[in-house]
Amino acid sequence: AQRVTQPEKLLSVFKGAPVELKCNYSYSGSPELFWYVQYSRQRLQLLLRHISRESIKGFTADLNKGETSFHLKKPFAQEEDSAMYYCARKVYNTDKLIFGTGTRLQVFP
Amino acid sequence: GAGVSQSPSNKVTEKGKDVELRCDPISGHTALYWYRQSLGQGLEFLIYFQGNSAPDKSGLPSDRFSAERTGGSVSTLTIQRTQQEDSAVYLCASSVGPLTEAFFGQGTRLTVV
Chain A
1 AQRVTQPEKL
11 LSVFKGAPVE
21 LKCNYSYSGS
31 PELFWYVQYS
41 RQRLQLLLRH
51 ISRESIKGFT
61 ADLNKGETSF
71 HLKKPFAQEE
81 DSAMYYCARK
91 VYNTDKLIFG
101 TGTRLQVFP
Chain B
110 GAGVSQSPSN
120 KVTEKGKDVE
130 LRCDPISGHT
140 ALYWYRQSLG
150 QGLEFLIYFQ
160 GNSAPDKSGL
170 PSDRFSAERT
180 GGSVSTLTIQ
190 RTQQEDSAVY
200 LCASSVGPLT
210 EAFFGQGTRL
220 TVV
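Protein chains in written order, with the numbering used here: chain A, 1 to 109; chain B, 110 to 222.
In isolation and in its complexed conformation, chain B is listed as follows (with noise of 0.2 Å):
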């Protein structure tokens, strides 16, 4: 596709269950990042990826958080044991490079109940 995708677009879990998000980026983007959108909060930086590293993992809110990239391109974020206050918009983006546009994919709402 040519935008950025992620999926799933809504999950409910349980509290206390693990779960995998995941974000393709637009082909080529090198740099892709993670945010969590809840009412009230904005936009949260979670951490971002230039290719596979992640040079910034200061905004993960726990232990609990995780992310990885493989081949430059697919990236997924975990979230272990998870909370109710884990439930908000997880929004995935990527970008050129600096100074560039990032493109939002349209989020995975998660629902912890």
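With the rest of the complex left out, here is chain A (with noise of 0.2 Å):
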């Protein structure tokens, strides 16, 4: 099966600190991933996606496929960034969206 995994359930750090959040994915030659992020009390909304290859509120996303992850990271997190974030990927020639369990970031001040 297709699979995604976010090892860690809670990352503390300090505002200023860099940060990387894991993602591991199980091998389908391309995979198409996605970070998505829920801040307190409002919906999951898309973060980024590998195939922009953006940086988004200083967050990017790397695919390495040596290493089958796509890590998140931040150089310097902001009290903002913390939020529970899910790495995400497409189930190969489907349109099935499958997420991790998710990772708590607390950004203390």
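Rather than coming from a laboratory, the hints here were simulated on the basis of the structure.
One thing to keep in mind: the hints can contain errors.
Stated by the list, open to error - Okay, the calculated beta carbon distance ranges per label pair:
| id | chain 1 | residue 1 | chain 2 | residue 2 | range |
| --- | --- | --- | --- | --- | --- |
| 1 | A | Leu11 | B | Arg218 | 40 to 48 Å |
| 2 | A | Phe14 | B | Thr122 | 42 to 50 Å |
| 3 | A | Leu11 | B | Ser147 | 15 to 23 Å |
| 4 | B | Glu177 | A | Phe14 | 44 to 52 Å |
| 5 | A | Ile51 | B | Lys166 | 39 to 47 Å |
| 6 | A | Leu11 | B | Lys166 | 31 to 39 Å |
| 7 | B | Glu177 | A | Gly16 | 34 to 42 Å |
| 8 | B | Gly206 | A | Ile56 | 31 to 39 Å |
| 9 | A | Lys15 | B | Val205 | 36 to 44 Å |
| 10 | B | Gln193 | A | Ser30 | 39 to 47 Å |
| 11 | B | Ser147 | A | Thr5 | 37 to 45 Å |
| 12 | A | Leu10 | B | Ser167 | 25 to 33 Å |
| 13 | B | Ser118 | A | Lys65 | 38 to 46 Å |
| 14 | B | Thr209 | A | Gly16 | 31 to 39 Å |
Note that the coordinates shown come from a computational prediction; the quantities given were computed from them, not determined experimentally.
Ideal Cβ placement from N, Cα and C applies to all residues, glycine included.
Please dock the two separately framed chains into a single complex, following the hints provided.
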């Protein structure tokens, strides 16, 4: 089965510290990967997708096929980054979108 | 409305009763997804629709769960004979198609007492 694994349930850092939220996927050729974020009392929303190679709110994520990873990084965390982060992938050749179990990021002042 | 709409926002029901959860996707979005979000379980895939058909129902937890979509638009998730373990937030999302963003509704919080 094609899976997405987020090994950390909780990640706590201080403001200004670097952040790396881990995501690993089961191999399936060319995966379509996404990061979604859910801020407190808000809807789940797209943060970024690997095909765009973009940086959103200072976050970047690089697809590493050798390590089958798509870790989310930010060099200097801000308090407003505190949220639940989900890594997701499209199942090959379908529109099915599956998510990891999520990582809660807490950024302390 | 412009976004994905779910109703009701909250539902409290007695164990053993049936419930229906509704999702109105964004107009023109062909793909529609149902997920269950519970503490410690993350976002659990239930079912998705492409148009009115459901290519993958593998995530439905039991035969008490069913879903349908009509007119390529509104979808209803039905849970029969609810159990306490069904308590969770049920999320709906829609997207235009592959490689595009999935837009989520605000969810229905189901509590089975």
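Hints, one by one, checked against the model:
For the pair A/Leu11 and B/Arg218, the supplied restraint of 40 to 48 Å is violated, since their beta-carbon distance comes to about 26 Å. In this structure the hint that A/Phe14 and B/Thr122 lie 42 to 50 Å apart at CB holds, the actual value being about 43 Å. At about 20 Å, the beta-carbon gap between A/Leu11 and B/Ser147 stays in the expected band of 15 to 23 Å. At roughly 49 Å, the beta carbons of B/Glu177 and A/Phe14 sit within the given window of 44 to 52 Å.
Against the hinted window of 39 to 47 Å, the Cβ-Cβ separation of A/Ile51 and B/Lys166 comes to about 28 Å, which falls outside the hint. Separation of A/Leu11 from B/Lys166 is about 34 Å and conforms to the stated range, judged on CB atoms against 31 to 39 Å. At about 50 Å, the beta-carbon gap between B/Glu177 and A/Gly16 misses the expected band of 34 to 42 Å. For the pair B/Gly206 and A/Ile56, the beta carbons lie near 21 Å from each other, so the given range of 31 to 39 Å is not met.
A beta carbon spacing of about 37 Å between A/Lys15 and B/Val205 agrees with the range 36 to 44 Å that was offered as a hint. Separation of B/Gln193 from A/Ser30 is about 42 Å and conforms to the stated range, judged on CB atoms against 39 to 47 Å. Range check, B/Ser147 to A/Thr5: Cβ separation about 18 Å, and the 37 to 45 Å hint is violated. Evaluation of the 25 to 33 Å hint for A/Leu10 and B/Ser167 yields a pass: the beta carbon distance comes to about 29 Å.
One distance hint, 38 to 46 Å for the beta-carbon pair B/Ser118 and A/Lys65, holds here, with the actual separation near 41 Å. As the Cβ distance of B/Thr209 to A/Gly16 is approximately 35 Å, the hint placing it in 31 to 39 Å holds.
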